[in-house]
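Trainee: Sequence:
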Amino acid sequence: MSTVNNAVRVAALSLLTTVALVAGLAPSANATPPSIPSTATAKSELAALTVATDGSMTGYSRDLFPHWSTVSGACNTRETVLKRDGSNVVVDSSCAATSGSWYSPYDGATWTAASDLDIDHVVPLAAAWRTGAKNWTTAKRQQFANDLSGPQLIAVTDNVNQAKGDQTPATWKPPLTSYWCTYAKMWTRTKYKWALTVNSSEKTALQDMLGRC
Numbered sequence: 125m126s127t128v129n130n131a132v133r134v135a136a137l138s139l140l141t142t143v144a145l146v147a148g149l150a151p152s153a154n155a156t157p158p159s160i161p162s163t164a165t166a167k168s169e170l171a172a173l174t175v176a177t178d179g180s181m182t183g184y185s186r187d188l189f190p191h192w193s194t195v196s197g198a199c200n201t202r203e204t205v206l207k208r209d210g211s212n213v214v215v216d217s218s219c220a221a222t223s224g225s226w227y228s229p230y231d232g233a234t235w236t237a238a239s240d241l242d243i244d245h246v247v248p249l250a251a252a253w254r255t256g257a258k259n260w261t262t263a264k265r266q267q268f269a270n271d272l273s274g275p276q277l278i279a280v281t282d283n284v285n286q287a288k289g290d291q292t293p294a295t296w297k298p299p300l301t302s303y304w305c306t307y308a309k310m311w312t313r314t315k316y317k318w319a320l321t322v323n324s325s326e327k328t329a330l331q332d333m334l335g336r337c
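Okay, so the sequence shown: first residue is 125 according to the numbering used here, each after it adds one.
Bear in mind the hints are in silico, worked out from the structure with no lab data behind them. It is possible that some hints are incorrect.
Simulated crosslink set (BS3-like; lysine-lysine; CA at most 30 Å straight-line) [claimed, not checked]:
1) LYS264 to LYS207
2) LYS297 to LYS207
3) LYS258 to LYS288
4) LYS264 to LYS327
5) LYS258 to LYS327
6) LYS167 to LYS264
7) LYS167 to LYS327
8) LYS288 to LYS264
9) LYS167 to LYS297
10) LYS317 to LYS297
11) LYS297 to LYS258
12) LYS317 to LYS288
13) LYS317 to LYS258
14) LYS297 to LYS264
15) LYS258 to LYS167
16) LYS288 to LYS207
17) LYS327 to LYS297
18) LYS317 to LYS207
19) LYS264 to LYS317
20) LYS327 to LYS288
21) LYS167 to LYS317
22) LYS167 to LYS288
23) LYS317 to LYS327
Generate coordinates for the entire structure from the input sequences, incorporating the hints supplied.
Mentor: Structure below.
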């Protein structure tokens, strides 16, 4: 009888462990944007970026980067990212999320209200303006601000995103140091994809972060 009980106990613990692992991994897995490069590729892309002093903010306006464009039906870019990055997301007829769960990899917080989340532009619009986007057409800036094919958009805790503002990794990094590697990969891929420049302190910070991978 004791052998049977032990077998049952082991099986139960194994099941609980599996459930716990699934519960712990599911949110962060769902919050992974597409096209994050490998460490080696990110390092190569970073090395290929042009290093230049940032340009001025003269003429900048967020309105020059039309964002949250319609993706399909009633769903815009923000709502699409919320559905992509969340778990068990339910939306209403206007595509607004009415329930779900979101894990913010920047700070490790989990939220159940979409209003607690911002969609972060990994490379902020103002940072893009200073490093090349000033010379783009409005149409290209709109593509950049709504880029769902690369790792440029991610759902994160709103006040964390607001604390970031338009800073680069030289002056701001996600509160969770365990996410620095991934963040640097996303930042580097976005700069590379859109042929934006980096300044020297930004490049050094990215090299250090990629060194944690």
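Trainee: Straight-line Cα separation of LYS327 and LYS288 no greater than 30 Å?
Mentor: holds, 18 Å
Trainee: Against the 30 Å threshold, does the CA-CA distance of LYS167 and LYS288 hold or violate the hint?
Mentor: holds, 23 Å
Trainee: Do the alpha carbons of LYS297 and LYS258 lie within 30 Å of each other, as the hint requires?
Mentor: Holds, at roughly 24 Å.
Trainee: Please verify whether LYS167 and LYS264 have alpha carbons no more than 30 Å apart.
Mentor: holds, 26 Å
Trainee: With the threshold set at 30 Å, check whether the alpha-carbon distance from LYS264 to LYS317 stays at or below it.
Mentor: holds, 13 Å
Trainee: Mind checking the alpha carbons of LYS288 and LYS207 for me, to see if they're no more than 30 Å apart?
Mentor: holds, 23 Å
Trainee: LYS264 and LYS327 were given as a pair; does the straight-line alpha-carbon distance stay at or below 30 Å?
Mentor: holds, 24 Å
Trainee: Decide if the proposed pair is consistent with the structure: LYS258 and LYS288, CA atoms, cutoff 30 Å inclusive.
Mentor: Roughly 21 Å between the alpha carbons, so the hint for LYS258 and LYS288 holds.
Trainee: Do the alpha carbons of LYS317 and LYS297 lie within 30 Å of each other, as the hint requires?
Mentor: holds, 21 Å
Trainee: Regarding the pair LYS167 and LYS317, is the alpha-carbon distance no greater than 30 Å?
Mentor: holds, 14 Å
Trainee: Next pair to validate is LYS317 with LYS288; report whether the Cα-Cα distance is within 30 Å.
Mentor: holds, 22 Å
Trainee: Is it true that the CA of LYS258 sits at most 30 Å from the CA of LYS167?
Mentor: Measuring from Cα to Cα gives roughly 26 Å; hence the hint holds.
In the structure shown, no violation is registered for any of the earlier numbered hints.
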